[in-house]
Amino acid sequence: MNKKNRNIFNIVMILSVMTIFFSCEGSLKDVQKFNRSSFFPSGEADSINLKYTDSGKVKSILRSKKMLDYSNITNAFTEFPQGVVVTMFDENNQITTIESDYAISYKKTDIIDLQGNVTITSHDGKKLETQQLYFDQKNEWFFTEKHFKYSDGTGGYLQGPGVDFSKDFKIFNMQTTNGEINNVEE
254 MNKKNRNIFN IVMILSVMTI FFSCEGSLKD VQKFNRSSFF PSGEADSINL KYTDSGKVKS
314 ILRSKKMLDY SNITNAFTEF PQGVVVTMFD ENNQITTIES DYAISYKKTD IIDLQGNVTI
374 TSHDGKKLET QQLYFDQKNE WFFTEKHFKY SDGTGGYLQG PGVDFSKDFK IFNMQTTNGE
434 INNVEE
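If you read the sequence shown in the numbering used here, its first letter stands for residue 254, the second for the next number, and so on.
Here are the computed lysine-lysine pairs in the BS3-like style, where the Cα-Cα straight-line distance is at most 30 Å:
1) K402 to K360
2) K310 to K391
3) K399 to K423
4) K423 to K304
To be clear, the hints were calculated from the coordinates, so they are not data collected in a lab. Owing to the predicted nature of the structure, the values given are computational and were not obtained by experimental measurement.
Construct the entire structure; sequences and hints are all you get.
This is how it looks when you write it as structure tokens:
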């Protein structure tokens, strides 16, 4: 092999090695990027029926077809991709039911985000419907900026965008609403 052919061979070999090296580097960066941007649940459960008790008394029951636990990441959360049904019991054992198509509970903030056909029904016939509702577990307070409809159980209703209220419906703050309230004299 003469000197000219040897130089051409060396240049081709160097270019081939560099091409392989840089193509692998690009693939490695893509894999690292994928691992950073995607995450997987640390736990998964199907058909859950979780009872929360306090001093031996059942306070609430959460039922869901699927639960995904992401407690292995910095901003840990629990996801219910197939919805939830929560039954809450007050001190008189009266029931309030909360349903939604999807829910996510953030561990650091104790905020639960309920989405899709959210309905709260109380023991006395009061009902609130909206497409998204947040629940602040620390303060036992619900709120939304979405359109809502509240029925009082006697045929009266209120509706509009944005509402916040206490867990027992005793404090109810609305933004802009319209509706019809029945005045019941005792």
